[in-house]
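S.K.: Sequence:
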Amino acid sequence: MRQPMMKPKFFADGLQLVSPVRSQTNVGDEAKLVLANPKNVWLLASYNSKGGGNSQSCGHAVQGDQVTCKLPTSGSYEMRLFTSTESQSELNYVGQLEFNKS
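Going by this note's numbering, the sequence shown runs without a break in its numbering and finishes at 102.
The set of hints was computed from the structure by calculation and includes no laboratory data. For every residue, glycine included, the Cβ atom is placed at its ideal position computed from N, Cα and C. Take the hints with a grain of salt, since some may be wrong.
[Stated by the list, open to error] Here are the simulated DSS-like cross-link-like pairs (lysine-lysine), alpha carbons at most 30 Å apart as the crow flies: (1) K7 with K70; (2) K32 with K7; (3) K50 with K9; (4) K7 with K50; (5) K50 with K32; (6) K50 with K101.
[Claimed, not checked] What follows is a list of derived Cβ distance ranges for each label pair: (7) V34 with T73: 21 to 29 Å; (8) T85 with G52: 14 to 22 Å; (9) A12 with G64: 12 to 20 Å.
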């Protein structure tokens with residue numbers, strides 16, 4: 001019940017969420033997703049303040065097993081995850097999680 005809602009594309013890309021396992025997590029300065037990524041798809045995340053605001057990229061797309069976003073101030077944030085099979089191709093939205101920075 002408390003697991004994040006991920007889109008079917010997340011699973012079609014072969015991804016599995018390792019951490020966090022809840023849809024809402026308390027963090028310090030960084031929000032971090034750890035994934036099993038056996039197909040080595042490209043990952044990119046963005047965040048914005050919960051309830052509005054402009055989205056900010058968490059960096060460049062990476063092929064790996066984790067994505068980290070440095071959160072600017074205390075508050076609640078939505079982190080959106082995107083994937084792609086190629087580094088320069090269109091990114092697909094695959095799900096989101098919430099992080100509360102103390």
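S.K.: For each hint, tell me whether it holds in the structure or not.
M.R.: Hints, verified against the model:
1. K7 with K70: Since the Cα atoms of K7 and K70 sit roughly 24 Å apart, the hinted pair holds (cutoff 30 Å).
2. K32 with K7: holds (19 Å)
3. K50 with K9: At roughly 24 Å apart (the allowed maximum being 30 Å), K9 and K50 satisfy the hint.
4. K7 with K50: Holds, because 20 Å separates the two Cα atoms, which is no more than 30 Å.
5. K50 with K32: The given pair, whose Cα atoms are some 17 Å apart, holds under the 30 Å limit.
6. K50 with K101: holds (11 Å)
7. V34 with T73: 21 to 29 Å: holds (24 Å)
8. T85 with G52: 14 to 22 Å: 32 Å Cβ-Cβ, so the 14 to 22 Å window is violated.
9. A12 with G64: 12 to 20 Å: holds (19 Å)
The structure is inconsistent with hint 8 alone, although it conforms to all the rest.
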